[in-house]
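Trainee: Quick note, the sequences are listed as chains A and B, same order.
Under our numbering, the first sequence has 27 at position 27, and the numbering climbs by one with no breaks.
Under our numbering, the second sequence has 1105 at position 105, and the numbering climbs by one with no breaks.
A portion of the hints provided could be inaccurate.
To be verified - So the derived list for chain A, only partly shown, Cβ under 8 Å to chain B, looks like this:
id, residue
1, 311
2, 312
3, 313
4, 360
5, 362
6, 363
7, 538
8, 544
9, 554
It is worth saying that the hints were derived from the structure and are not from the lab.
Just so you know, even glycine gets a beta-carbon here, dropped at the ideal spot from N, CA and C.
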Amino acid sequence: MLELQDVSLFVGDEEAILSGVSLKFPRRHFAAIIGPSGCGKSTLLKTIAGIAPGREEGGIRWDTRDLIEHDFAPSEIGYVPQFSIAHEELTARECVAAAVKLRRRGARGEELETLVENTLDEVGLLEFADRLVSVLSGGQKRRLALAMEIASAPAILLCDEVTSGLDAQAENEVVQLLHGLAGHDRLVLSVTHSLRHLDLYDSVAVLHRGVLAYHGPAAELAHYFRVENLEDLYARLEEREPADWAASWNKHSAAYTAEIYESAVAEVIESFTAEELSDEDESAPAKQRRAAPSVELPGAGSQFVTLLARRFRIFFRSRGQLLLQLGLILGFPVLVAIFAWNGLPQVQNLSVGLDLNVVQQLAEASDFLKQASKVGSLVSGIVMFQVILLTLMGANNAGREIAAERLIFEKEKLSGLRCVSYIASKAVFLFLLVAAQSIWMGLFVHFVCGFPGDLGAQLVFLLLVNAAMTSICLGISAWMASAEQASLVSIYLVGFQLPLSGAVLALPDWIGAAVRPFISAYWSWSGVLQTLRGERYYDIVQMVVQTALSPAAKCAWVLCIHVVIGLFLAWTGSRASRMT
Amino acid sequence: MARRSRSSFQPQWLIAGGIALVALFAAGSYFFNQASDPYRTAAPLVVATYLENSNSLRGNTYRVQGEVLNVLGYSPSEGRLISVGVDATNDIVPVLIPSELGHRDIEKGQKFIFLLEVTDQGILRAKDLTKA
């Protein structure tokens, strides 16, 4: 039984979104939560799920268990939100298989296939199993969401406006489906704006501006609210203040809820053995049994593998993303190479003897400075151009990575997905992308332009700057509210790299010292230039640039710290709840 | 706060993580700055003392960072004698690059860190050098 006792929810300036809501729902029950827009229906559902933002008061119990102390196990609860929880690039079968693998320990092989088939069959989606989500109809997508949720056989299924936007037939089918799902020893609560099909529900709860105005059989609704037609219900609610409706309901509730509550109380009694009832203190095994989830979650490693496989599948199915990546990987190195297509020019050294007169020395020094300035700027510029393009690729890699699928991730987190598995899967996928981009960039410039220096060390610094920017942008993606916001901030971050690196214009000392630790481009630029130490170009670059270079080991160290900071930010950001 | 948010993100983690990373950065910077100078254990040459009485420093080993100014002389058996502008004091000192180090490309305007030994004749003889 699910029991809400005087549940209130306050947000912002202590404004009550829900006020003193008390409800009881037995198992094997199908209930609708209805009310006008903004009455708190979805908020009530989120409060039950434990994801409503704000300060909660009152108590929520599930099978006599206080949820504040022992929350729902991930497999106990299914929550179907208003938004799509499936990746458009996958088929319905792949979505359900991924949901099963993320939620059920040991699901693989034939057992997995059978489970997926049965689940798809249960929601009537078997014949569309191999269709991409992107081509499914609205009703089919809702069915798919339900299939993914029942994959862990939850005892309570919360559905938030799952029929909104559907045509009459699709709505009918989905409500019938929910009705069927409630028959499997499961409580199904469905928030809906629609007043059609109310006769299919075992009970209906009516909310009005955060207060409970009614909870009882659908057949008694018209009588209780004194309306001839249920379509007039919401207009009728507006005729009285919420407090009046709450007071009225407190007065008359017993008569309407007796049947529901009797069923609920019988359930509670069933759940205790005679022995447990005779003890004042509940026995430890009984407590354990109530707290134990019915389906065991897979390990973090298993979830990581499932997510990584799914990420690669999505990547290779997204033709646009694939072409963009190929374009960047192949095109950006060409952009760099055109500045030194025929190799780097040589510089004539200054005479080291004392056999030139002052005028000759000055003329030679002047020529040398001109050449050194040109060649030094070219070498420094080619390195910085590679670095900046790689930071741009890094921002493109990760800026949208989490933010674009945040709602799906939040949903999966609610179903037991571990943040560490999620971030690890992102890190590995992005690292492979980063490696391909950076190594190709380094090799192309080295061989096409004949760029000198230690190639291995150069590849390390190019890879590290791309990894650092990708990692930081992954962190940004985890903290931003939307994909657009995350992309914008990531691009701004790249924009700051060039001017603040000091590679083009020297910064005032104190500004340079303050900002340089945060500028990945500087450390990579400096690190790559250090690989030229054995070359004449190193001295020439040092003559031209006004910003001091740092030791190679220090550059690698700082870039590694940037990678760690980014992953740490991504992990903390992923733990913060964004399902509002 | 939502039930599920209670056990999720703690702002203290960000603060603790930030402090840890600043400490890592500072420690790494110090360590790598030290490690990047291969001659950090050698004492810096006090140019004024050397110019005043080079004999008093005979047999000692010092480090000097500076710019190559000119080649003052060359002998196939002895090596090259170059003039070096010392960064720290703007003084100019002569440095002998022995023939064993003759393979090193040394050009006018380059900056090096020299590991120098003061010979019995009071000459600054390079034992090793690396680009600054």
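Trainee: For every hint, state whether the structure bears it out.
Mentor: Evaluated hints:
1. 311: With a minimum Cβ separation of about 23 Å from chain B (threshold 8 Å), the hint on residue 311 of chain A is violated.
2. 312: 28 Å, violated
3. 313: The hint is violated - residue 313 of chain A has no Cβ within 8 Å of chain B, the shortest such distance being about 28 Å.
4. 360: 14 Å, violated
5. 362: At 13 Å from the nearest chain B Cβ, residue 362 of chain A fails the 8 Å test, so the hint is violated.
6. 363: At about 14 Å, which exceeds the 8 Å cut-off, the nearest Cβ of chain B leaves the hint on residue 363 of chain A violated.
7. 538: Residue 538 of chain A check passes; min Cβ-Cβ to chain B is 6 Å, inside 8 Å.
8. 544: 12 Å, violated
9. 554: With a minimum Cβ separation of about 4 Å from chain B (threshold 8 Å), the hint on residue 554 of chain A holds.
Checked against the numbered hints above, the structure violates hints 1, 2, 3, 4, 5, 6, 8; every other hint is satisfied.
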